[in-house]
Amino acid sequence: MTIKVSKAEEKMPMADLVKDRPSGRFIKAVAAVVWKDLQAEFRSRELFSAMLVFSLLILLIFNFALELDIKTRQSVTAGVLWATFAFAGTLGLNRSMSIEKDRGCLDGLLLAPVDRSAIYFGKVISNLAFMLIVEAIVLPVYSVLYNTNLLQPGLMAVILLGSAGYAAVGTLLSTMSVQTRTRDILLPILLFPVVIPVILSAVKASGGYLEGLPFEEILSPLSLLIAYDIIFIAVAFMVFENVVEE
Amino acid sequence: MQAKPLTLKIFDLASVIVVGIATYLALVFAPTELVMGDVQRIFYFHIGTAWTALLGFLLASGFSVTYLITKNLKWDRLQVAAIEVSLVFFFITIVLGSIWARPVWNTWWTWDPRLTTAAITELIYIAYFMLRQGIEDPERRARFGAVYALLGGLSAPITFFAIRLFRTIHPVVIGGSNPEAEGGFAMTADMRVALFFALFAFTVLFIDLFWNRVRLGELQDKVEQLKLKVSL
Numbered sequence: 001m002t003i004k005v006s007k008a009e010e011k012m013p014m015a016d017l018v019k020d021r022p023s024g025r026f027i028k029a030v031a032a033v034v035w036k037d038l039q040a041e042f043r044s045r046e047l048f049s050a051m052l053v054f055s056l057l058i059l060l061i062f063n064f065a066l067e068l069d070i071k072t073r074q075s076v077t078a079g080v081l082w083a084t085f086a087f088a089g090t091l092g093l094n095r096s097m098s099i100e101k102d103r104g105c106l107d108g109l110l111l112a113p114v115d116r117s118a119i120y121f122g123k124v125i126s127n128l129a130f131m132l133i134v135e136a137i138v139l140p141v142y143s144v145l146y147n148t149n150l151l152q153p154g155l156m157a158v159i160l161l162g163s164a165g166y167a168a169v170g171t172l173l174s175t176m177s178v179q180t181r182t183r184d185i186l187l188p189i190l191l192f193p194v195v196i197p198v199i200l201s202a203v204k205a206s207g208g209y210l211e212g213l214p215f216e217e218i219l220s221p222l223s224l225l226i227a228y229d230i231i232f233i234a235v236a237f238m239v240f241e242n243v244v245e246e
Numbered sequence: 001m002q003a004k005p006l007t008l009k010i011f012d013l014a015s016v017i018v019v020g021i022a023t024y025l026a027l028v029f030a031p032t033e034l035v036m037g038d039v040q041r042i043f044y045f046h047i048g049t050a051w052t053a054l055l056g057f058l059l060a061s062g063f064s065v066t067y068l069i070t071k072n073l074k075w076d077r078l079q080v081a082a083i084e085v086s087l088v089f090f091f092i093t094i095v096l097g098s099i100w101a102r103p104v105w106n107t108w109w110t111w112d113p114r115l116t117t118a119a120i121t122e123l124i125y126i127a128y129f130m131l132r133q134g135i136e137d138p139e140r141r142a143r144f145g146a147v148y149a150l151l152g153g154l155s156a157p158i159t160f161f162a163i164r165l166f167r168t169i170h171p172v173v174i175g176g177s178n179p180e181a182e183g184g185f186a187m188t189a190d191m192r193v194a195l196f197f198a199l200f201a202f203t204v205l206f207i208d209l210f211w212n213r214v215r216l217g218e219l220q221d222k223v224e225q226l227k228l229k230v231s232l
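Going down the list, the protein sequences come from chains B and A.
According to the working numbering, the first sequence holds residues 1 to 246 in order.
According to the working numbering, the second sequence holds residues 1 to 232 in order.
Rather than coming from a laboratory, the hints here were simulated on the basis of the structure.
Treat the hints with care, since some could be wrong.
Below 16 Å or equal to it, Euclidean Cα-Cα: the simulated EDC-like pairs (lysine to aspartate or glutamate) are [as the list claims (entries may be wrong)]:
#1 B:Lys-71 with B:Glu-211
#2 B:Lys-101 with B:Asp-115
#3 A:Lys-71 with B:Glu-241
#4 A:Lys-71 with B:Glu-46
#5 A:Lys-74 with A:Glu-139
Given these sequences and hints, build the entire structure.
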């Protein structure tokens, strides 16, 4: 009993310090949302397993649809990967938001005395985390199945940037789509046309890395990807308030 | 019911007249292009509709911002009107372009930056209406619509820029010359007259349709309020 009290006392000044700074409070709120999502997912593993199996199935379908022999593989690998990530991504985005909506968690989150954008960033980071975990499994599997080495640092950076942009816009749009009558069906229809610059530049940059092009040739799609990420994260941050207002 | 304002009636009449004149200028007055022949005459209406459609989409993005700041439903009505009219105009642009491309490029469609961006832009604004359809609360519908139109308005130019990293064969007749473009030509003075008049005519037509659509939106809202009153 006494030990517990002393531990709490030890923690007090640190907690106060973090609480006093507004930026510290914001980061804490974001971390709480991320932690909640990861923990819920860790317990149920619903979303993750669905996304993973779904992406492996898409790879399988591409295998038959495109006849991924050695010649075609070179040129289409980047495209196949991003199509897989995009489809699996919508699955995850839909699920992660409809859980919040169905069980009334979203209202609970909104009642919390934190900045609304903290909720947004928390959801983006957890959605991004799910995407990255799935991608981290799909990449080696693809490498083994098709005998191409995908584990290159440049490609990973592209995948991180592309998934970040995708998750940033996707989280905003899935928050809107779960509040409509058509719900899940609507998300891909809203998301895909808006997210095309991400897919386009990510496919170009990934393809560049896979073909071993010099960095100067990859630079333009890469910088476009970064510009898109910055613009859309900023816009989504500004308008998120408007999509959760009741 | 309110009577149609007189200015709007004048606009209705004026737009019929100017589009008529623009048709005459494009089909009869302008000289026939040497290489492409009569199919080049599509150009005047193609540019006219494209310009007004882009104007409407640009206005809609502006209305997004003003709505999100003021939360006044008036801006929402303006936005829906602008997007609806522009969607139709842009569709006409694409169809006209396709008809022109068939003999000149020898294909109905290519995945050129302009063409691809045009198709994606159409899809964005179709998605906009699908989003609106799924929401009953007018205030929320306006908020979501404004957010989505803003995202779409930002992403369409980025898409265009992104695809431009590839090659283009679309001709640029006004300003700039691309040696790889196919189907470009130099305009004579008479062609210029026809073009600028077509631009003017479609702008008048756009304003007229836009105004009528805004008025329709206002009347719809009024009907909705009256229905609510009756049911209470």
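Legend entry - Restraint check for Lys-71 of chain B with Glu-211 of chain B, where alpha carbons must lie at most 16 Å apart: holds (13 Å)
Legend entry - Pair hint outcome, Lys-71 of chain A versus Glu-241 of chain B [Cα-Cα no greater than 16 Å]: With Cα atoms ~13 Å apart, Lys-71 of chain A and Glu-241 of chain B stay inside 16 Å; holds.
Legend entry - Straight-line alpha-carbon gap Lys-71 of chain A to Glu-46 of chain B, limit 16 Å: violated (39 Å)
Inset, instruction - Take a quick look at whether Lys-101 of chain B and Asp-115 of chain B sit within 16 Å of each other, Cα to Cα. - result: Distance of about 19 Å is beyond 16 Å: violated.
Inset, instruction - Sort out whether Glu-139 of chain A lies within 16 Å of Lys-74 of chain A, counting only the CA atoms. - result: holds (11 Å)
Hint compliance for this structure: hints 2, 4 are broken, all remaining hints hold.
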